[in-house]
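Protein chains in written order, with the working numbering: chain A, 47 to 679; chain B, 3 to 312.
Bear in mind the hints are in silico, worked out from the structure with no lab data behind them.
Any given hint could turn out to be false.
To be verified - Take a look, some chain A residues computed to stay more than 10 Å from chain B by CB distance: (1) Thr-195; (2) Ile-335; (3) Gly-492; (4) Ser-499; (5) Gln-522; (6) Asp-557; (7) Asp-646.
Stated by the list, open to error - A few chain B residues facing chain A, derived, Cβ under 10 Å: (8) Asn-73; (9) Met-272; (10) Arg-294; (11) Val-296.
The beta-carbon is built from N, C-alpha and C at its ideal position, and this holds for glycine as well.
As a plain string of letters, each chain reads:
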Amino acid sequence: MVRYRWLTSSVIGLGLVACGSDSGGGGGSGPPDIIDVVADTSRDGLVNADDPKDQERENEWDATVGASFIANLDDDDKDGKRDCEDEIVNGPADLADLAVFKVSPWPTAPQDAEGVVIIDPEAAESVRIWRDNPDGTQALVLGSKGPCTSAADCQYLLEYRFAQAEVLTGVTFRIEGRRFKGMPLSSLIPQDDGKKFLWSGFVDVAFMVAKKGTGERYATTDVPDGFDRVKLRVAPWLMLGSLGRHDTLYSSGFYSPLVEGNTAAAQAAKVAYSPYSPDPSDFGGWSDIWTEDFFQTGWTGFPGPNGTVQGMRIFNPRPWGRPPSQNPTPEQVKDYHPTRWIWGNPEKGRPAAALGPDQGAAEFYNPENFQTGNTQDSHGNHDLVPPHKDYKMGRILHGNKVMQNTQDFYTAQGVQGPPIVLDTTWLAVEHVDEFFHFVPAKTPLGWKLLVASPALMTKMLQDLKAKGQGSGTLHQGRGGNFQKTVDEALADTKLMQWSEAADVKIQGHIDQMKMETGLTDADIIEIPTWFEDLGVNEKVAWNPGMVNMRMLGSVASIAKPFGPDVGGKDPFEEDIFARLGGPSSQLGSDGQGLKVFFTDDWSYHDSLGEVHCATNESAPAPFAAGFWWETAK
Amino acid sequence: MKALTRLLGIGLFLLAPSALADGISVGPSALPNEARAKLENDIAAAKAAQPKLFAAVKNVKGHRPEHYGKNRNPFPTAARELRGLGPAALLPMLEALAFQAPDRGKLTDAEWDALAIGMLEAVGVIKDARSGAVVGAIFEASALRPGVRLAAARAAGRLGGDAELALLTSHAKSGDPLELHAIHGLGEMMRLDAAKHVAQILGSTKDAQVAEAAATALGTLGSSWAWKSLGPKAQATGLEVRKVCANALAPRAVRGKAALRTAASEALLMVDHPETLDLLRAQRSVSGTDARVVDGLVVRVERKRQRAPK
């Protein structure tokens with residue numbers, strides 16, 4: 047609120063002092079009395095007390111107004127700790143990650159005045175707030191104080207008082223989040239219903255000017271109860287998805303043909319790519335080769351000046367790692383957990399692979415779920431349907447057995463949830479990336495859905511047979527389960543039956559996607575894929591799963607199909623080039639088709655995964671074309 | 003085997019504290035004398051002629067933690083590897099299953115079962131009648147975990163002989179502790195009599211689990227693509243089988259509880275008999291049918307046909 051007329055009537059209510067009614071102050075026809083706290087309610091990246099858009103409705107939060115801040119989970123000073131884990135501002139880059147709110151100057155404040163800023167107890171557990179000192183430094187004054195690794199070493203500061211001299215000049219505050227909405231802390235408060243405490247994500251800041259020593263507070267006409275209030279919201283975590291503006295590609299160096307294919311694709315896409323050693327004893331080495339699965343990449347951000355977004359990429363680990371033995375020691379469990387890849391381990395000389403300036407990290411599961419969960423908690427099973435309908439920032443998609451903590455977290459973010467849930471239990475690996483992939487397109491929707499298609503695979507084999515290529519060999523030299531002539535494949539009763547079952551399942555998923563997203567047949571492209579069953583409801587791609595690809599902008603790294611040799615060419619590669627690589631596909635940011643690279647991922651295919659599973663990617667700001675705060679979710 | 007949890011309760015009562023078998027799953031004494039003697043001879047001869055095949059079976063690694071631990075979903079599975087060895091691996095697998103198990107070492111129950119299940123899956127695909135005695139003995143063995151028993155039932159179904167049909171139908175009846183396993187086994191048997199038996203179960207059972215198993219089985223044995231794979235000579239039989247399946251599935255696909263409707267719908271789509279649309283439309287007039295469910299399924303059938311291979 048800002049209408050700074052001091053109260054000339056009698057005292058309003060118990061404990062209130064009308065401005066100008068006693069010791070000094072403005073009053074009469076002098077300058078206005080000012081009891082005002084202001085934030086970037088207008089979302090223009092500036093905090094301006096003279097901007098009505100920053101003042102009006104400052105205590106509300108919807109699609110058009112409301113200030114925000116971010117969970118400060120990166121490590122701008124590269125000290126190996128996330129910036130929110132210490133009580134200092136970690137340099138200029140960190141300062142930029144803190145959202146500002148200000149107490150406006152009251153140049154005629156009474157001599158006995160004292161400024162008081164109060165935050166709600168719920169928020170105190172989840173934020174740290176500094177004030178700017180006159181010497182340019184910052185002092186932690188509100189919110190969580192201490193290391194805060196648990197409730198035991200954390201103090202919650204709910205109120206900050208400052209002297210009349212600073213009421214006269216005003217004070218600038220800076221806020222960071224320690225967590226996202228819906229993310230647990232070790233100090234969670236059990237609720238009556240047995241559920242853990244979930245933070246609303248809002249911080250209610252109240253400012254008053256008190257009469258020192260009396261407990262009374264000043265009031266004005268426009269601040270009749272003596273409090274000016276502003277509401278801020280922590281920014282959500284947002285998944286990047288395959289259409290993100292990625293600048294970094296990740297994979298293990300375990301299989302050199304995959305590295306070669308990825309290198310070519312990364313160069314074409316102008317994306318950085320430095321595969322890590324699969325030997326954990328090497329510097330930066332990591333033994334898990336399923337890079338898509340052990341972490342997810344997303345981002346968070348709040349409005350910066352001139353239409354920019356101030357934020358950071360955020361990595362989150364899968365709850366479980368792959369220790370080297372079935373009965374690992376507790377130390378091995380920690381050493382091989384994805385958190386160690388992301389955060390590093392200075393004691394053992396392990397560098398942080400993902401934590402650093404503008405690169406943050408957080409665990410989204412409850413601490414008690416460390417090293418629990420199953421295959422569905424791998425992040426190949428968590429994807430982002432690109433923007434559609436009311437989901438301007440896309441909508442999360444995942445399988446039906448994902449850990450409840452994670453599902454709740456996704457939903458709590460609001461913007462990209464609630465997720466679309468598909469029953470993926472018919473698959474051996476149970477991941478959505480085994481049959482769906484989203485690619486950019488120059489269409490009204492802006493993207494298309496690639497779908498694994500057993501029917502198309504069967505048709506293509508039948509066409510080859512009809513053209514006299516029945517003796518052509520699929521997967522030459524790849525072992526008895528895979529190497530078959532076209533004729534043999536079409537005569538394989540089990541392969542045909544398994545693939546038909548998979549086709550029916552996938553068509554069911556497509557129906558669900560159409561219903562949820564408004565997708566039409568024109569937005570779907572089929573990719574030939576057969577499935578085999580490793581038991582009961584343990585289906586997995588029999589031929590290299592080309593749909594399970596890695597997109598880098600308009601560049602696609604796709605599993606080399608190892609189809610039959612027809613006149614020196616692979617008809618499956620030719621088909622993909624023709625249908626994804628040309629303008630008729632409308633694919634790519636320019637609609638001229640994807641730039642396709644076939645990557646030999648056979649070693650991964652043989653271990654139940656493909657190019658997408660073997661790689662991961664992340665993106666810098668700006669993270670998306672739209673602003674999450676305009677979604678009102 | 004993740005999908006077998008619903009069979010667990012049924013199977014556990016047969017589980018003895020330890021299986022005193024010479025093979026992985028049963029001992030030779032579990033086999034009929036004549037079959038045992040014949041197999042012993044065949045195995046001895048094959049071992050002398052092709053020792054490498056026996057070594058290859060012994061050396062499969064998909065069930066070993068150091069191997070499957072690297073898989074994207076780290077669970078033990080040997081089916082793909084064993085199928086890849088082809089028909090020549092039949093006798094080494096039968097030996098391992100019923101005569102002489104490989105060294106178990108420190109394999110867990112799940113890993114040991116994965117080896118047995120993989121062998122049974124592969125044996126079934128080979129479709130050699132010599133497997134019948136071993137598969138049958140395993141199916142009825144007293145000390146087995148349910149995943150292995152189910153794999154034996156499926157292998158028996160894939161073998162598809164009269165003996166296997168008799169074995170499975172004898173257990174595919176209400177009250178039999180092996181009923182669900184047997185129904186799944188019949189689902190692997192692409193025979194008209196198997197289809198009729200399962201269709202009768204689906205039409206008469208009041209048990210939701212049994213009905214779901216029967217619906218799934220009909221989809222499997224009536225799979226239109228599977229019948230296509232058998233070539234033109236099998237098409238007439240295939241049509242007949244698929245008609246039986248479709249007739250039984252259509253009512254279940256449009257009425258009743260959601261889980262069964264889903265199983266029956268998916269099975270009906272797999273069967274894809276030419277009369278499916280007529281069967282569905284005929285269901286509209288039956289009391290308790292939700293016309294929207296019928297319409298939705300009609301759309302799915304039509305779309306499948308538009309996309310269908312030749």
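Index of numbered hints that the structure contradicts, given in increasing order: The structure conflicts with hints 2, 4, 6, 10 and 11, although it agrees with all the remaining ones.
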